[in-house]
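Number of protein chains: 2
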Amino acid sequence: MIEVDEILKNIDGPFKNVVGVLIVDRDGIIIKSTINEVVDSIQNYGLSIANIVESANKAMNENGELQFLRMKTKKNEFIVVPDKEYMLITILNANTS
Amino acid sequence: MIEVDEILKNIDGPFKNVVGVLIVDRDGIIIKSTINEVVDSIQNYGLSIANIVESANKAMNENGELQFLRMKTKKNEFIVVPDKEYMLITILNANTS
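Respectively, the protein sequence lines represent chains A and B.
Take the first sequence: its position 84, counting from 1, is numbered 350 in the numbering used here, and each next residue is one higher.
Take the second sequence: its position 90, counting from 1, is numbered 356 in the numbering used here, and each next residue is one higher.
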């Protein structure tokens, strides 16, 4: 498990616009997070993104499984890499250059 | 309207991995397309993407409107720029380098 923590820290560490990195299960429940204080809003991101990935997979089913998703809203940007059981979610601050 | 056609052609033209460029309304109905033969599967992309953008906006509502969406599946990649009334969708072939 230490290896996973190292990898998450490498993604999160050096980049000042990275808010945090999450590993969630396919339902969006947080398994690991680099954000110390996992408040409701962070858990909600997991649940919301799991919901969006599921609706994208349903909508695009003949196109094959979703392999990558990047979404930008006014406040944040989300880079999502879904896998069979888990999803890696990087949350960025959309307003730092 | 000629100006819009020019813009679409500029996006579609030079890049060999671009399958086509669509302008759809917020329900996903195709208004303009650079793909000559708009078959069901292309119209379905519009409808599916409109569905995904809507569910993303609902899920992420306190984060502000979705400004950009990029999705990669096994077969295609979709770059989506939603606006108030319309959405610009660029469809790329995910397997050409």
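Among the hints, a few may not be true.
Copies of the same chain are indistinguishable here, so a pair counts whether it falls within one copy or spans any two.
Straight-line distance between alpha carbons at most 30 Å, and here's what the computed DSS-like set of lysine-lysine pairs gives [said to hold, decoys possible]:
#, residue 1, residue 2
1, Lys275, Lys298
2, Lys282, Lys324
3, Lys350, Lys275
4, Lys282, Lys298
5, Lys298, Lys350
Honestly, the hints are just simulated from the structure, not real lab data.
Because the structure is a prediction, the values reported are computed rather than measured.
Evaluation of the provided hints:
1. Within a single copy, Lys275 and Lys298 get their C-alpha atoms as close as 11 Å, which meets the 30 Å cut-off; across copies the closest is 45 Å, which misses it.
2. Proximity of Lys282 to Lys324 under the C-alpha cut-off of 30 Å is restricted to the inter-copy arrangement: shortest distance 28 Å between copies versus 35 Å within a copy.
3. Proximity of Lys350 to Lys275 under the C-alpha cut-off of 30 Å is restricted to the intra-copy arrangement: shortest distance 23 Å within a copy versus 38 Å between copies.
4. In this assembly of identical chains, the alpha carbons of Lys282 and Lys298 lie at most 30 Å apart only when taken from the same copy (20 Å versus 40 Å across copies).
5. For the identical chains of this complex, Lys298 and Lys350 are intra-copy neighbours only, at 16 Å inside a copy versus 36 Å across copies, given an alpha-carbon limit of 30 Å.
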